[in-house]
Amino acid sequence: MQSETAVIRRRDLFSLIGAMAGSAAMYHAMMSLGFASESTYKGPVRLEGDPNGASVLILGAGLAGMTAALELRKAGYKVQILEFNNRAGGRNWTLRGGDTFAELGGYKQTCEFDRGLYINPGPWRIPYHHRALLDYCKRLGVALEPFIQLNHNAYLHASRAFGGQPQKIRAIKADFQGQVSELLAKATQQGGLDETVSKEDQEILLQALRSWGALDSDYRYNANLVSAEFRGYAREPGGGLSPEPLPSDPVTLSDLLRSRVWRYLQNFARYSFQTTMFQPVGGMDMIGKAFAREVTDLIRYNAKVTQIRQNDRGVTVSYVDTTSPATVLHATADWCICTIPLSILSQISIDVGSRMQAAIDAVSYAGSVKIGLQFKRRFWEEDEAIYGGITYTDLPIRQIAYPNDGFNRAGRGVLLGAYLFETANAYEFTAMTPKERVASAVEFGSLIHPQYKQEFENGVAVAWHRVPFTLGCSGEWSDEGRAKHYRNLCQIDGRIVLAGEHASDLPAWQEGAILSSLDAIARLHERVVKT
Amino acid sequence: MKANLIVLRAGAALLAFLPAATGFAQDSAAMRPTFSSDYRFVEMTGEELFANVCQGCHMPDASGAVGAGAYPSLIANRNLATSSYAVHLVVNGRRGMPAFGDMMTDGQVAAVVNYLRTHFDNSYTDVVTATEVRGARR
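Chains W and E supply the protein sequences, listed in that same order.
My numbering numbers the first residue of the first sequence as 593 and each following residue consecutively.
My numbering numbers the first residue of the second sequence as 92 and each following residue consecutively.
Just so you know, the hints here were simulated from the structure itself, not pulled from any lab data.
Please note that the accuracy of each hint is not assured.
Claimed, not checked - List time: in silico DMTMM-like cross-link candidates among lysine to aspartate or glutamate, alpha-carbon distance up to 20 Å:
(1) W:K760 x W:E974
(2) W:K730 x W:E886
(3) W:K1027 x E:E223
(4) W:K634 x W:E1118
(5) W:K700 x E:D152
(6) W:K670 x W:E1072
Stated by the list, open to error - If you want the ones that stay clear, here's a sample from chain W, every Cβ over 10 Å from chain E, calculated:
(7) P643
(8) F693
(9) L696
(10) F754
(11) F865
(12) T867
(13) I932
(14) I936
(15) Y1019
(16) M1024
(17) N1080
To be verified - Selected chain W positions facing chain E (in silico; Cβ < 8 Å):
(18) G635
(19) P636
(20) G697
(21) Q939
(22) D943
(23) G945
(24) S956
(25) Q991
(26) A1016
(27) E1020
(28) L1063
We treat Cβ as the ideally placed atom computed from N, Cα and C, and that holds for glycine.
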């Protein structure tokens, strides 16, 4: 005889646990049964207990630093922030018309985009499972809109395949599914799977392959109106007496494999990039600005940290005002949360133990380049019906990303004309002048969109190794480096704790910066209220 | 005499004359951008590697740059006296310097280190070999 609990539905079980033991118990029960959020974020941090007037000095007014400032002040700490730039936000940054930016080496650019147009040189998309960042957006009133990662009508492009012609993502995806399905159906029908799949399951498998791969009744992937509904038509369905729809010709398996465009399909499958993704309305820096509104009275701008000292009584940080660097200034506090990127912190004298110092010195910073291009008209929409999303290519520009706002509007538009991350090309573009980068992006992009040459107006290029406040894009951990150094980097060393994307398992993501900060302040607060 | 020149060249006042003085002509093939097709660099000579990789941070005249942190000047740089130190830095990275060991062959690392040690007012005549670079890989 079955017991009562064995047949109870899981949802009922959760409400039962919730009612009897409270929400925390329900959460743990859901986690153990594979439900609930994968995020480690458990809602707004609760720092209970009195810090007794303790003071905290935060280095860096990026998302990690401002998260710490906002929460610690709320918990009763005396907080001050030193920030190198003359603005808050750090890598949370948007370039608009009129903005100027000087990179290392003295190359200065002025963004000439039209009103309302922008690029995000740093982070540009937010996965739905980045719960901490989304929660702060909600609490701080930052409006979000969809970020389109997969647009079936954007392109996959290989310079030495298909005569250099870009292919619709829709067609490549359908053809890959269709050709693989046909192959697997053939293997099934020829008995190739007899040892691993039961006869009954083979029947279901064939049905599934036909449904998923758009196969015909003979389990072939052919040009017909069924496959056309997946990969697109040679002549689209119309109305009245207009000509009847015509199917398009699938790419052969061999052409598909040798083109290697299949390697881009994972950009639509990986957890980090799955729908739904978001972007702030009006630019990514809306987040940094919203944080800054909360803590701006705590921030000292133009402060370049030169030395970090600690003893058993407190922390003293030396810094100079970058507008008058001759005078060394000092800031003191009981505790210090340092969010300075390791590429810079490793060059600053800091009183920490040898293990943390070794960790600070060990992390390379990724090369990355983004180039924004303004065009006279939104030709990708007008001529090619591409509304948002990303084209992937093996050209040195690697990606062309279309704006996810202002759809179907007349007038100018801005494309992300290149996005390089951790490749040889990222270094090669960094080594160029901003003007050369923009010119190259236009040259390469015109191989995908011939309209470029006619419609291009102006551009800006940000190479992260030349950005004065980071000297690189993000912490680039190797597996060995992480195994050896990560925990040492995250420990509280006396009165100093580090935070930022580099001190997280989500490097280069804003969520990593916030989760790192929340974890650091929770541990720090525990220590403060206990002593 | 040599020492005086080094001091002067490192001074900001003379920077404008540097390209001519150190002999990197703008029409040199190595100065034109090269684009690799994959994770690894296709540039093979020290000159090409410097112009397409190193100068991104160390700048076209190798004078380095200063922001919140700094990229060191490679002009008359005494740290280049010991070739193994430069090889180690290029291969394994350290602090602001990324590790290029996976992106360059032993021959490429040797080429760029040899180039640096014989240009920008560095004149170290002992040559680094690819075999020595292999020894620096961890």
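Does P643 (chain W) really sit off the interface, with its C-beta more than 10 Å from all C-beta atoms of chain E?
Label holds. Min Cβ-Cβ 29 Å, cutoff 10 Å.
20 Å Cα cutoff - pair K634 (chain W), E1118 (chain W)
17 Å, holds
Let me know if the C-beta of L1063 (chain W) comes in closer than 8 Å to any C-beta of chain E, holds or violated.
5 Å, holds
Satisfaction of the A1016 (chain W) interface hint, Cβ to chain E closer than 8 Å
4 Å, holds
N1080 (chain W) clear of chain E by more than 10 Å, beta carbon to beta carbon?
At about 16 Å from chain E, N1080 (chain W) clears the 10 Å cut-off, so the statement holds.
Hint check: K730 (chain W) vs E886 (chain W), CA-CA at most 20 Å. Holds or violated?
14 Å, holds
Per the stated criterion, does the least C-beta distance between I936 (chain W) and chain E lie above 10 Å, as a non-interface residue requires?
4 Å, violated
Verify this label for me: M1024 (chain W) is non-interface relative to chain E, using a Cβ-Cβ cutoff of 10 Å.
6 Å, violated
Does P636 (chain W) pass the interface hint, meaning its C-beta sits closer than 8 Å to a C-beta of chain E?
It is violated, given that the least Cβ distance between P636 (chain W) and chain E is near 31 Å, above 8 Å.
If we take the beta carbon of T867 (chain W), is the closest beta carbon in chain E still more than 10 Å away?
Label holds. Min Cβ-Cβ 28 Å, cutoff 10 Å.
Min Cβ distance, G697 (chain W) to chain E: is it shorter than 8 Å?
5 Å, holds
Evaluate the condition: distance from the CB of I932 (chain W) to the nearest CB of chain E exceeds 10 Å.
Its Cβ does come within 10 Å of chain E, the nearest being 7 Å, so this is violated.
Taken one by one, the earlier hints fail for this structure at numbers 3, 6, 9, 13, 14, 15, 16, 18, 19, 22, 23 and 25, listed in ascending order.
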